[in-house]
Every structure is written in structure tokens, then in C-alpha cells.
Amino acid sequence: MILPHRALPLFRLALAAAMLAGASATAQQVTLERDSPLYAEPRLDASQVAQLKTGATGEVTGKQGAWLNLRTAGGSGWLFSFNVRFPSQQTGTSDSGTGSAAGRLFGSPRGVSVTSTIGIRGLGEEDLKEASFNAGQMKLLDGYAVTKEAAERDARAAGFAPVSVDYLDAKK
Amino acid sequence: MTGRRWIVVAFAASVSGLAAAASLDLGRLFDVGRDLRTATAGVDEPEEIAVGREVAGRTLGAAPLVPDPELQAYVNRVGRWIALQSERPDLPWHFGVIDTASINAFAAPGGYVLITRGLYESLSSEAQLAGVLGHEIGHIVQRHHIKVMQQSAAVSAGARAIQRSDRGVLANNLIGTGAEVMARGLDKSAEFEADRIGVVLAARAGYSPYGLVEVLHILAARSADDASLALLFKTHPAPGERLTQLGDALAPRVAALPAGKEPALRPVDPKTPPPVAAKPAAAEGARALQQEEGGTTIPSGASPLPGGGGGILRGIFGR
Numbered sequence: 001m002i003l004p005h006r007a008l009p010l011f012r013l014a015l016a017a018a019m020l021a022g023a024s025a026t027a028q029q030v031t032l033e034r035d036s037p038l039y040a041e042p043r044l045d046a047s048q049v050a051q052l053k054t055g056a057t058g059e060v061t062g063k064q065g066a067w068l069n070l071r072t073a074g075g076s077g078w079l080f081s082f083n084v085r086f087p088s089q090q091t092g093t094s095d096s097g098t099g100s101a102a103g104r105l106f107g108s109p110r111g112v113s114v115t116s117t118i119g120i121r122g123l124g125e126e127d128l129k130e131a132s133f134n135a136g137q138m139k140l141l142d143g144y145a146v147t148k149e150a151a152e153r154d155a156r157a158a159g160f161a162p163v164s165v166d167y168l169d170a171k172k
Numbered sequence: 001m002t003g004r005r006w007i008v009v010a011f012a013a014s015v016s017g018l019a020a021a022a023s024l025d026l027g028r029l030f031d032v033g034r035d036l037r038t039a040t041a042g043v044d045e046p047e048e049i050a051v052g053r054e055v056a057g058r059t060l061g062a063a064p065l066v067p068d069p070e071l072q073a074y075v076n077r078v079g080r081w082i083a084l085q086s087e088r089p090d091l092p093w094h095f096g097v098i099d100t101a102s103i104n105a106f107a108a109p110g111g112y113v114l115i116t117r118g119l120y121e122s123l124s125s126e127a128q129l130a131g132v133l134g135h136e137i138g139h140i141v142q143r144h145h146i147k148v149m150q151q152s153a154a155v156s157a158g159a160r161a162i163q164r165s166d167r168g169v170l171a172n173n174l175i176g177t178g179a180e181v182m183a184r185g186l187d188k189s190a191e192f193e194a195d196r197i198g199v200v201l202a203a204r205a206g207y208s209p210y211g212l213v214e215v216l217h218i219l220a221a222r223s224a225d226d227a228s229l230a231l232l233f234k235t236h237p238a239p240g241e242r243l244t245q246l247g248d249a250l251a252p253r254v255a256a257l258p259a260g261k262e263p264a265l266r267p268v269d270p271k272t273p274p275p276v277a278a279k280p281a282a283a284e285g286a287r288a289l290q291q292e293e294g295g296t297t298i299p300s301g302a303s304p305l306p307g308g309g310g311g312i313l314r315g316i317f318g319r
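If you read the sequences in order, they're chains A and B.
Take 1 as the starting number for the first sequence in the working numbering and just add one per residue.
Take 1 as the starting number for the second sequence in the working numbering and just add one per residue.
Rather than coming from a laboratory, the hints here were simulated on the basis of the structure.
Keep in mind that this is a model prediction, so the values were computed, not measured.
Idealized CB from N, CA, C, for every residue including glycine.
Incorrect hints may appear among the rest.
As the list claims (entries may be wrong) - Facing chain A, a subset of chain B residues (Cβ under 7 Å, in silico):
(1) 46
(2) 58
(3) 61
(4) 62
(5) 67
(6) 72
(7) 76
(8) 81
(9) 231
(10) 232
(11) 241
(12) 243
(13) 254
(14) 258
Claimed, not checked - Beyond 10 Å from chain A on every Cβ pair, some chain B residues (computed):
(15) 44
(16) 47
(17) 49
(18) 85
(19) 143
(20) 144
(21) 148
(22) 150
(23) 186
(24) 193
(25) 236
Produce the complete structure using the sequences and hints provided.
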């Protein structure tokens, strides 16, 4: 589809809305993993809309950084995404239809899903144990490597610059 | 034997007889003892790189690179830029996408990072890729696998006494059979640490710090009996547990972390054929067949809109 440049933001908004509307209500539902405040804005110092309990559910309507926008029985607001879990996708053993849904689930937006390859369980423990050195593949791998100068030049050309961020401490 | 090596042996012997035996073995294998610090660590950087190269080469023997040179170059550009933000920017970093439907990523010592096509195609932004690569880079920067290899080498030191003169056998004892070291799990604490490092390295590189969080949400929503995740789930703490740990570490810093960029992810060339199976597994293969029967690849260009419940994560975390 070719759209005039100025129509793109509107198109994206419509697409996002369609994506959210297209999923069934149960699928958008997340469950709280722990008691959490629901904030009016995606900031810790924003006012609290509600205090939600573990096990409470809400409907996801958007995201921003670490935050999810939720619609809950107690009101709408923002919640840390770490504090919720999305419903687990059941791959039924007898219902072949659910298997294909899982295969499509997280495929790239272009829609090519390698996980739908029939009858193949992929790289397992035994394959790794039995593996022997492949010199030809290593030569290819070496050929794809880039120098740090090239990586830095390309990153900066794409608008990236190093940001100072301290390492995180483990919770004591 | 140099004077320095005597110091090493004396130091090790003072710890325990077993440690002394291991130190002697590693000393013969790698000619350590150049200085006390690297010698007590057992494996210095050139040797770490040599071990990692062997492990990476064997892993590629199990699953080759996806035949898409542009994709491989892209992943190397992204990965190297992220690795530059670490404490070990000058390692010979190599990144590759390997051609298997399994969902996983591997770090071999010395700077070798391999991500499976199954995981790559589950991602929807470069920030998510940055989080995954940052996690693996974290394992390498912290030498997690080398530490595990040394521990298992120490345990079997006595049993290997008669093989001490054979370098090849000893190398195998350190690395193990084939690339089985890649199928061995690390401590949970090492995985949590790599998650924390991955978030920070991605953020330092200018990406959204939350790409890895999104990937963990995607993994957490996959069924526990999903065959493509069997090895990942065996070797890592549950994604939900990783989310909780990472959330606890991140929460106090959320307000201060930069928003970062979330560029689109370069797709695998649609002309690339699906992964070739090494061989179908008997029991697991039958189950997978049953699960996947009727499952079809969505034609390229088909609507990305989610038709079922599963699309929601892509809707939220996708472009």
C-alpha cells in the first residue's frame, strides 16, 4: 500500500487501533502478578488511580517504555509491565488448530513463521552433544564480523550515540 | 616450570588438593602462569577465545547460519555496537543467526553470540534484538561459561590423571562432548545477572531498555510444553521469574532510564527457505507434527493483524 507521507501517522494510529480491536477481549487481558498501584500517568510520582491486588485482571490498551496502559474494574491507568503476565498460549496436543495459532503467534509482522515447519523439533540437547566443528561455517561467521570502527560509524549514521547508564543492582 | 607457576601451584595447593590438581591440569593445557591473576582465573583471554571458537564452530556444526548475508551483517552491526558499550569492547565479537526453528540464543566464551532463527523471527523490534544480544554479551563479559567449564574440569581432574599428556583429550574435557556446554544450564543467578546487563547495554547503545522485558513477556506467554522452547526452558529460569527479578532491579531506576530508540527489525529475506531439520526426532517429532498439523506459514504480505488471541503481544510490543 502506498500512502501519502502525511497520512502515515494517522494510518499507524488506525492500524494500532485495529490491532487492539481485532484481538478478542480475553486475549488482551493480563493478570496482576503482585499488588500494584495503578497510576494516572506512566510516572512513579503521578497520582494513583487505584491499588490493584494480585490476580486482578485488566485490558491492555497501550504501552510506553516500562509501562502498560490498562483498563480495569477499578479504573484506567498505567502499571509496570513487569507486574503483569499475559495469558499463556496453550498448544493443545490433540487440537491441531491451536498448534497453528501458536505457530502464527509471534511470527514476524511479514508473516513468515519458521515455527510452523512440520515435524521438526529444532536444535536440541542431543544435536549439540553430537555436533562437530564446521570449518566452512566458521569461515562464513568470520566473514560477517564487523570492526568496531565500522559498527560505531554505522550506529552513529543511524542516529545512535552512547548513553551513560549504570549497571543495575540485584535486589538485596 | 617457571617461578611464577610454582607460586600458582603453591597457592592452589594451599586451598585444597583437588584445586591443586585442577590447577596443574589447566596449567599444562593452557600454559597459564603468566601472572598470578589470570593463572588463578585458570584461562586467560586468548585461551578463552580459543575455547569459544571451538564451541561456536561445533554449534554451527549442529545448526548452520541462515543463508542471508545481509541479515548476518546487520546482526553483527547491531551486536558489535552493543558490545562496544561493555567492559570488553575489543574481544573478537562475532554474531550469527542460526537456521533452526528452536527459540534460543547462545553465548560462547570470547565473544561468540548465536541467536536462533526461531527466536529472531519472534521479535518485532531492533530494541528487542538488542536486549537478547545484550543478555548474551553479558554472559561473555562476566565469563559465566568459562567459570562453569573450569568447575566441571576440576571435578573430573582426578579421573583424568592418566590423560594429562594429551592436549586434545584435555580440551575435550574442558569443553565437553560436541557443543554440549551450550545445553548445560548456568546458575539462575548468572541468568538474572545477564538479564540486568542486557538491559543496561541496550540502553547504553541508545535502544529502549525494555526490549528484553518485552521478549521475556513473549516467552512467558508461550506454552511450557512448546517443543521449540524445550532447551531454553531447560537451561533458564522460567521467563516469569526472570521478569520478576528484572522488574525488581529496574523499578527504582525506571524514572531515570532514557526512553531510547525502537527501530524496526530487519526481516529474514523472505526468499530464504525454512530451516532444514538436522533430523526429525522420533517421539518429540511426532508430537510436534500433531501440534503443527494444519499449521501453515502465513504467506508473506498477508495481513499482520492478529486474527486470534495470540496477536496481542505483537500488537502491543510490535511495530
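Hint-by-hint comparison with the structure:
Contact between residue 46(B) and chain A, as hinted, is not supported at the beta carbon level, the nearest pair being about 17 Å apart and thus beyond 7 Å. For residue 58(B), the interface hint holds, since its Cβ comes within 7 Å of a Cβ in chain A; the closest pair sits about 5 Å apart. Hint status for residue 61(B): holds, given a least beta-carbon distance of 4 Å to chain A, under 7 Å. Hint on residue 62(B) holds. Least Cβ distance to chain A is approximately 4 Å, under the 7 Å limit.
For residue 67(B), the shortest C-beta to C-beta distance to chain A is roughly 9 Å, which exceeds 7 Å, and the interface hint is violated. Annotation: interface hint on residue 72(B) holds; nearest CB of chain A at approximately 4 Å, less than 7 Å. Restraint check, residue 76(B) versus chain A: the minimum CB separation of about 5 Å is within 7 Å; hint holds. For residue 81(B), the interface hint holds, since its Cβ comes within 7 Å of a Cβ in chain A; the closest pair sits about 4 Å apart.
The closest approach between the C-beta of residue 231(B) and any C-beta of chain A is roughly 6 Å, which is under the 7 Å cut-off, so the hint is satisfied. Violation of the interface hint for residue 232(B) is found here, the shortest Cβ-Cβ separation to chain A being roughly 10 Å, above the 7 Å cut-off. The beta carbon of residue 241(B) comes no nearer than 10 Å to any beta carbon in chain A, farther than 7 Å, and the hint placing it at the interface is violated. At about 5 Å, the closest approach between the beta carbon of residue 243(B) and any beta carbon in chain A falls short of 7 Å, and the interface hint on this residue holds.
Satisfaction of the interface hint for residue 254(B) is found here, the shortest Cβ-Cβ separation to chain A being roughly 5 Å, below the 7 Å cut-off. For residue 258(B), the suggested interface contact is upheld, since its CB lies about 5 Å from the closest CB of chain A, less than 7 Å. Residue-level check passed: residue 44(B) sits 21 Å from the nearest beta carbon of chain A, beyond 10 Å. Listed as outside the interface, residue 47(B) is consistent with that label: its C-beta sits roughly 17 Å from the nearest C-beta of chain A, beyond the 10 Å cut-off.
Residue-level check passed: residue 49(B) sits 13 Å from the nearest beta carbon of chain A, beyond 10 Å. The Cβ of residue 85(B) sits about 6 Å from the closest Cβ of chain A, inside the 10 Å cut-off, so the non-interface label is violated. Against chain A, the non-interface label of residue 143(B) holds: every CB pair exceeds 10 Å, the least being about 16 Å. Under the 10 Å C-beta cut-off, the non-interface status given to residue 144(B) relative to chain A holds; the minimum distance is some 15 Å.
With a closest Cβ-Cβ approach of about 15 Å to chain A, residue 148(B) is found to remain outside the 10 Å limit, as its non-interface label requires. The beta carbon of residue 150(B) sits about 20 Å from the closest Cβ of chain A, which is more than 10 Å, so the claim that it is off the interface holds. Under the 10 Å C-beta cut-off, the non-interface status given to residue 186(B) relative to chain A holds; the minimum distance is some 15 Å. With 10 Å as the threshold on Cβ separation, the claim that residue 193(B) sits away from chain A is violated: the shortest Cβ distance comes to roughly 7 Å.
Consistency note on residue 236(B): stated as away from chain A, and its beta-carbon is indeed over 10 Å from all of that chain's, at 14 Å minimum.
Hints 1, 5, 10, 11, 18, 24 from the earlier list are contradicted by this structure; the remaining hints agree with it.
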